[in-house]
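Now for the letters of each chain:
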Amino acid sequence: MTVDPQTKTGGNLILEVENISLSFGAVRAIEDVSFSVIEGEILAIIGPNGAGKTSMLNVINGFYHPQEGQIQFGGEVRRQMRPYQAARGGIARTFQNVALFKGMTTLDNIMTGRNLKMNRWATNIFAAAFYVGPTRREEMRHREYAERVIDFLEIQAIRKTPVGRLPYGLQKRVELGRALAAEPTLLLLDEPMAGMNLEEKQDMCRYVLDVNDEFGTTVALIEHDMGVVMDISDRVVVLDYGRKIAEGTPDEIKSNQAVIDAYLGTTASSATA
Amino acid sequence: MSDSQADTMPRRLYRNAQSHPDSPAFAEKYLGIWQTYSWKKTGSEVRALACGLASLGLQRGDMVALIGTNRPQLYWVFFASQSLGAIPVPIYQDGIPAELEFVLNHAGVRFAVVENQEQADKLLAIKEQCPALEAIIYSDTKGMRHYPESFLYSYADVQAQGRQYDAEHADFFEQELASGQADEVAGIFYTSGTTGEPKGVQLTSANLLGSAEACNAQEGLGSADRQVNYAPMAWIGDHLFLSLSLSAGSCTSCPESRETLFADVKEIGPTMFFAPPAIWEQLLTSITIRMEDASRFNRWLFRHFMAVARRVGLDLLDGRSIGVVDRLRYALGELFIYGPLKNNLGLSHARLAITGGAPLGEDTFIFYRSIGINLKQLYAQTECSAYATLHRNGDARQDTVGPPCRGCDVQIAEGGEILVKSPGNFAGYFKNPEATREVMTDDGWLRTGDAGIMTDDGHLKIIDRARDVGALNDGTLFAPQYIENKLKFFPYIREAVAHGNSRDHVTAFINIDLEAVGNYAERIGLSYSGYTDLSQRPEVYELIARNIEEVNQDLSRDSSLSSSQIRRFIILHKELDADDGELTRTRKIRRATIADRYGDLIEALYSSKQEVAVEASVTLEDGRSSTFNANLRIHDAATAVNKA
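Residue numbers (this note's numbering), protein chains in the order written: chain A, 1 to 273; chain B, 1 to 644.
Chain B with its partners taken away, still in its complex shape (with noise of 0.2 Å):
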């Protein structure tokens, strides 16, 4: 197959199975082994499972769900649905079953490839509610034999049942491989939307593997670079990364189980390694930890060649000379410290690197960097296919999101909304026309819904969501997201919610983070019984008041955000959660719910009060709920008084 027909995400998969047959395209762990599949033996286990949808009945333009924890068998549903011209939609693993059911009716779902029982028994517990949905496949047999219902089948059955139909319709999957089109709807992504319902993203083959191409060019990816796709295969960023291996023919690798991604990355040393923030701070947060626990020489010398590392480490990264004694400092730290740092995390060999999602905090970048992994941050939306703008190597600042990729136009709007041009820019909402109006323009323009600016050098710089963005009644700026993450660098801070505009001054709810602070009580000998009686100790709340002080003297350095230091805050009882509706299934702040949910606590931070009674509910991932009671401390923070 030639380049100008491998032009659908099927028809690429068999050119590499042709081109380079042998080397690996799939790999996963399984018994303590990693396996591997050959883009050829790939190809062949993509035209049974392909062969078997049709022998279900699987027709041109149906949907097929996919439901599980990232593996080649999974991925593989991606492209057999696409080589018969059926729509695969990706849904979260972990959601509940209220939001199952409704990508599975509002995109008519016939056929569910899930992994296991766990997922199975979801959609059976919804079955009599989404009629669309005929026939149930699992891949994962444990626990599966004594099902009664007849319209689930084995994922290896329907395999076997394909190869026999394969063998019966000579040239049908030829014939249908070859009838697909570029423009062809090839996904359709459920957004997890900080507001309203989930809306149906629909992103073709063009747009998939226009964006991969692009960006396979500008980092200079090709088919020796290793990853390991762990993130949510329903999460669009997860799906840029199988789309750059695809384009590439590179090789997806998919950890062994969720507890187990550390260790495995390590194992595989990914090239590149594409990681929301909250992954990057969780590392963080745990070598950190570790280094409090080492001995005192060790803390010591870590210590050191940090700071040297903070010095003179972005300039070696970003190709600027430095003197001879740092760059020998720095070869003895790289000796010490930070070889033996990559090496734990797995990312010795990463070459790139990207934060994605949500903005990384700046303490959080620059460690990285320092160390000389090549942490970039990319900006983009599932709508234009998670490829809009990313960071140049020797050029990468944590204040920017880098210039325009290749391929793509970025514009400010009058009013600061940035607009996009991506070769991944999608084909529309489904079954919602008006929301796809209302995102864009009439000449091909996204609108991001984000406010930002442009830098003198071409670099986007994102402020914060264009609505979230208000002011303080004295009229001063109050960029909520810009100061949660300056909250969020600290280890003990797992969330934090700003609230501030409209009002005179700013005040915060925080999430502990129950690893560290856990950590931090034990080292003080603090007992405790949970999650709800640790976040409410005082001495928990002297440590956060001075997590927070630290933050206050960092805003009042800067004029603008002087008067955004948090006056008080309260540290919840219980963490922000997705199965609450609170956070986004990425872990974005629902900031509507939680005004509505703790309106009260927001009174009482306004207030003069010193306690405040609440009573929780709490929603289980079975979809019950139950509700608590408890009383939360407010708590002052002292504020920095502006020394410019």
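Isolated chain A (complex conformation) (with noise of 0.2 Å):
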């Protein structure tokens, strides 16, 4: 198949997401949702508050389990996966609010992300008690990985520097790092740029376009700044009220009478914006 890099149509369906319905209760989270994300695209999904866009991203990296549908990634179909099946698949992702380990440094919190890359013989407790050969170029081969990832971000000055003492823009940098270190086909980036200056925001997209070129790193990401998903992302999926109600570019998606509906209300549509 040949895949048009302007608008990667065309590559490799990387997940298919069919017909998935997710409820808590009487509460229906997700209706009957299907999308596909092809290999190499940044794909947003949108929506207004409570329409299902992290619980959709639960969905696909295995923490909630949908009563209906299906998911195919990487060739097998599951009905619900495991978080540690999606790790080990390849997805990573980052969190709305940051989940790092706020005691850790910028380098262990990054290490962290190797975990599933670690030869499980080379580093098990008797081994790296003794620290013999294999542990160290184990390790060594990790912290080059990490330290490549430190590099790309540009966050050199905070190696050592425990987390919890950064500000919020270079945690969500930090948690990026993790996700990276994990070598991920895709990366699941929930609001990534949420509570960021204008500053930060411009930085962590040219993050988010580079991982995207340098690794052809399929991304997959959650986004409330209009701004930020009609500049960076291919395609775009609108979800409301946990149903899809548009899918496509972000030129085919500014025009979606639906979408514009969604926003800001079907009465308001004649109301000056």
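Where hints are given, some of them may not hold.
Pairs of lysine to aspartate or glutamate, EDC-like flavour, derived with a Cα cap of 20 Å [claimed, not checked]:
| id | chain 1 | residue 1 | chain 2 | residue 2 |
| --- | --- | --- | --- | --- |
| 1 | B | Lys142 | A | Glu214 |
| 2 | B | Lys29 | A | Glu183 |
| 3 | B | Lys142 | A | Asp240 |
| 4 | B | Lys142 | A | Glu200 |
| 5 | B | Lys142 | A | Glu16 |
| 6 | A | Lys160 | B | Glu28 |
Read the hints as simulated data drawn from the structure, not as lab findings.
With the hints as a guide, dock the two chains, each given alone in a separate frame, to form the complex.
Here it is, written out as structure tokens:
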């Protein structure tokens, strides 16, 4: 299959979400949603508050188990996935509220992202206690990768700083670093730019684009800043009240009546925005 | 290669590669580890780059710009260009596009080597306006993969192309290297200048190596010395250090990033360290802040031993004898305070610490010397390759800049202007013979534009820029920089501008130091929304007023300066910034720009108003600008009575 580098259409499907429904008791969080993620693209999932975006990400990486529907990832069809299966399969994510080990340094946090890549024979508790040749080599290999991530994200100056002491924007960057350390094929970002100032947002956009560009990582992200979404994503999926109401390129989404109604309210469509 | 042949910068490099091939020439921190390049390795990297540039069409006499933070790969651009008889032109990496455009066009730059995407983007934005610019070579490939422009090359590709070119053109490089001359221009350094357009200072290999050799001999520097180069590569001070290391065969280390500088300095433990006053003051500020947050006992310990250091530290460093008791107390201080402090600054091994570029406050100077750091003042200009006067060991004083360096001669012209004859005296401004004639006398003296006097013991003393020294209406001397430096010693004051020429009394603009004042605000429980808000808080005005009153006390002790006491001041709503043209890139005040832009504020200082409205515009680094409004308070300061 040939991939158009501009639109990335025509690429392989890396993830297919088919007819997913998820409810908590009587609350229907997601209703019959299907979409797919194309290898190498940046896909944005947008929607008003409570539209089910984060629930969708949680379904994809196995935190929530949908009552109906199935997910195809890496050639396997699953009704539900466990988080570790998702991680082992190459899905890494960041969280809406930063979920780092606050007392640990930036470097240590990023090293935890290497956990699944470590050779179990070289890093088990006995080998680590003696710190023999293979263990050392294993640690050096992973440290080097972690350092590449640090270099990539330009956070050398905070390498040894406990993340709890860092400002929010930097914590977000460290969290991205931990996800990158896992060498994911699919990166899920839950509001990577929330609460950031303009400069931090611009930096983050550049990192997301660079990750996609340099490592060929597929990115699915949730974001509220429409400017960001329209600028960096290849395709957009719009959710509202748990249903998918639109899917397409940023330009198509901008002129989609259902999306405009969902964001401005149907009765307000005549009012000035 | 013998010494007599190694008289150009690149030939000196290849002599080092022969005489001590395996000792380190450059080091940079990459992936958290110090990576070193030996002189031999440096030689082959430079050769590959030079041949690569030749394969792209670089000719003798062409201009090669280099833009970025200190990296071995960028330092190699100097040597690679010089090897082929091309002229390197370093450009300040934080310059806004208009400044870049001026230099690129004035020099007629054909090739530009940049550090990364950020710099490449800047050049791409102005490429249309720079017709001579043909190729842009980038060192860091991050983010550069999808640029369609055919004139963009990666540094590694150019080097690979060069290795091939080298193989196909045997002897090409050797011949080019051999045909260089010591008196050919080896670099053009654009001076920021406090007035007018930047001027291109042409320096030859003879200038740079001549100064470096004399300096190494005077200071006893050798191949075992270590330095950390972090100052802008376009600044002559940084280049003097590069020349020192080339001449001595010592190692130049580049920090990992701007933010990691102090951690990197600590790891390298440099034996020689050059910093402008702003850095020395910033370091002292951070120490002062940390001590204020320390426990009571530690604060007492610090105060006690700093008092001991102030009393006997200077005598000890200058080799004068002190009593046994004091010697013991100082040794205890070294154990508890000075030693750990120096270690923390990364300066435990520093044999030579230099400040230059602007005067350093007396208290700052004494602080470092009293704890045993051999801080000395260097006075020079780009036009004399940053080599004119420097304190000798054991004979350093804050109020002078030392005797003329080895090989230099200094004299005071009529009217007080300082004239310098140095091995580094330049080969003229590029494309500006009138300006050259203005500063070079027929018999080879450089007019510095500074006013100074020679003391009886042969030290040079700088009073001020010759044109900045003025007089109050009562006829007494007004030397603004002198007052400003006194103010800037206080950690809370980052920048100050004193007014008073042809006025009845002295007033001042103050820039607060956000870190230090922010810390103070936190301690007294003052909340604020940002720089502008914090700067206008009455509590902050009170704080600064106390600092100013201390300066006034100090000024009142000297009868000739007593009338220079500061009567009123304004804390500015924004930091004076090089991007807005208010400071030079080396943080010197541009008085004319400030007088022009803040004329209303100055008038308000000399009126009876207690408040003044401003509309300010700020220029962002990408060239855009925005405006905002603010109301600034004007505050009175108490003056002291002359006790003399």
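Hint by hint, here is what the structure shows:
1. Note on B:Lys142 and A:Glu214: the hinted pairing holds, with a Cα-Cα distance of about 8 Å set against a maximum of 20 Å.
2. For the hint pairing B:Lys29 with A:Glu183, the CA-to-CA distance comes to about 24 Å; that exceeds 20 Å, so the pair is violated.
3. With a C-alpha separation of about 38 Å, the suggested pairing of B:Lys142 with A:Asp240 is violated against the 20 Å cut-off.
4. The straight-line distance between the Cα atoms of B:Lys142 and A:Glu200 is roughly 19 Å, inside the 20 Å bound, and the hint therefore holds.
5. For the given pair, B:Lys142 sits about 31 Å from A:Glu16 by alpha-carbon distance, which is inconsistent with the 20 Å threshold.
6. This hinted pair checks out: A:Lys160 and B:Glu28 have alpha carbons roughly 19 Å apart, not beyond 20 Å.
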